[in-house]
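Colleague: Mind docking chain B on chain A? Use the hints.
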Amino acid sequence: MLLLRYIARRVVFVVPQLFGIVLVSFFLVKLIPGDPAVMMLGPTASAQSLAELRDRMGFTKPLLQQFTRYVTDVAHGDLGTSWQTTRPVTEDLFQRFPATLELITFGLLLAVAIGFPLGVAAARLKRGPVRKFADYYGLLAGAMPDFWLALVLIFIFYTVLGWIPAPLGRIDMAVLPPPTITGSLVIDSLIAGDWEALRSSLGHLALPVLTLGVINAGPILKMTQSMTERTLSSDFVRYAEMCGLPRRLVLRQAVRAALPSVVTIISVLYGFLIGGAVLVEMVFSWGGAGQYAVQGVLNADLNPVLGFVLFSAVLSLVIYLVVDLIYFALDPRLRS
Amino acid sequence: MSVGTHSGPAASGTRPTAGGDAPWRRRLRFFLAVLRARPSFALGYAIVVGVIVIAALAPWIVPFDPMTADPAVYLLPPGGRHLLGTDGAGMDIFSRVLYAPRVDLTIAVAGTLVSAVIGGAIGAVVGYYEGQRAWRRALSTFVMRSADVLQAFPVFVFAIALVAVFGQSVKSIVIAIAFVNVPIYLRLTRSQVLSIRQLRYVEAAYVAGASDLAILWRHVIPNAIAPLVAQLSINIGWSVLLTAGLSFVGAGVVAPTPEWGSMIAMGFQNIVTGQWWPSVFPGIALGLTVFGFALVGASIEVLADPARRRVLSGSLG
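Order-wise, the sequence lines are chains A and B.
Taking the working numbering, the leading residue of the first sequence gets 1, the next gets one more, and so forth.
Taking the working numbering, the leading residue of the second sequence gets 337, the next gets one more, and so forth.
The hints are simulated quantities; they were obtained by calculation from the structure and are not laboratory data.
Among the hints, a few may not be true.
[Claimed, not checked] Which bits of chain A does chain B cover? Going by a derived footprint, with three or more residues having C-beta under 8 Å, they are:
#1 48-54
#2 133-146
#3 205-216
#4 267-275
#5 279-293
#6 310-319
No experiment lies behind these values; they were computed from the predicted model shown.
Beta carbons: idealized from backbone N, C-alpha and C, even for Gly.
The following block holds chain A by itself, in its conformation from the complex (with noise of 0.2 Å):
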């Protein structure tokens, strides 16, 4: 019942956030210079068809109401249409986003599977080798350009090793991909039975999935790492340590009292990487909606990017609300 009632305050919150986001980022949106008319037609257009296509999408109404109709037509599910891809900027984003988030969240699965045990250790260890390690990784991982990463992980294991497929897009051209349920490559194929095809994503997912988990391990070492090192010397520990508890319990309930941190920072990832996949989704041609949305700013394709935005803007709300209810799962405190 709290928990509904905690949920339904951070909604009423976050409609005034949306619409500040579509306002902001329609006009900036707006001010980037182009015509869209001139790209759509091609340079020998003629100057009365021009001011036909503008009439017709709106362009030379006012700006407000051309916000007030966006707006209106957001409020129905309509995002417009992107005059690139010609199709329904909704339709292109259904398609897109899972991509993305399959990208995403093998990655940062792959940073915990680092971060964590490394951040723990090291807390454990004040010095030797695996402290050190530790240190010098957070601060390495934090400074490495991913887009350089990614090519030089593509040198190594395409290049020079061949073992992975030709880093352009998800799946071998060759291969048919498994009909979409759940919109990731890697779990269609498994629940279509579809080994051929698993075996082709797999091998595409790999190494963008690697340059995402080496980087942002960095992050979640460093948290996991000072949170544990500070529960470690909190009272609660100490006396469990003076009751004599053997050490691996322990350190057990120090992990378990800094878990809402880590939580959080990887919430924090998430939200963060929804856009900011972007520079290793156009490295592996990945086709994400990062890659789409930067094309639409590039080439002055106002929906996709309003779309975007609009999506990952609900996209990382749904995250925190996820992390919201894993918090009462973690800290009993919040239930009572």
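Modeller: Frame of chain A; chain B shown alone:
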């Protein structure tokens, strides 16, 4: 902080033993002792100073012109006359890598400084006014909610859009970086000011009749600045990454200008066919630079925090 420098001349007049040096010298010695105890900090300062020196002296130390393409020698492997090889257009990679920080660092430092000044000023006022009379509270709420909205944007797409709005130039990239960083400094300064505002000396100044601006300028901001400087250093590194990322997608520095991100992008096609050097070397230079600024930021964080500083000087003996 200023108390230490004030006591300088007075102390030098009545210096009792050899132990009492001038404060700046004592501080320098402490700093050097810290560097000895934490070699990673020393490494950070070395990298940052090195990159700045290289950027300043680049025209005199590079063996080739960084923008002249010699098609006769395209894609030469590292070694020989071209130390790090040549790229697909026949430009010398070593010269370009050394020239790049001139652009990258300028953009990152300028963008970060602008955002720190703007964000810091707004954050200080907002933090100082928060919880006061009606319109002031409304102002600070409005500013904080606007910061929420700005931060809800996907950073990279936002930056590209800003560059697109202002036209592709160095100035636009600086504006874009400043824009996406402002909320960070706003929040940081606000939280600092909120806690400092309640301290005794601020109350004392208020009772003494100092104006709001005077209190902010003389008493609050000087005491809130240390974490900001630490953040500044980390942020410069991060802005170098953002600049390179923008150039990588073609929304940043334009191609023949030596810049790490666009160099990595230029070498993109070559990597698949086995020529790794056009991309790998600028990436290493970029990573090292960011790493150096992160280390310097970490050292400032430790030195600026009185508690951690005491622990450190205790361990120095």
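Colleague: Hints the structure violates: just list their numbers, smallest first.
Modeller: 1, 3
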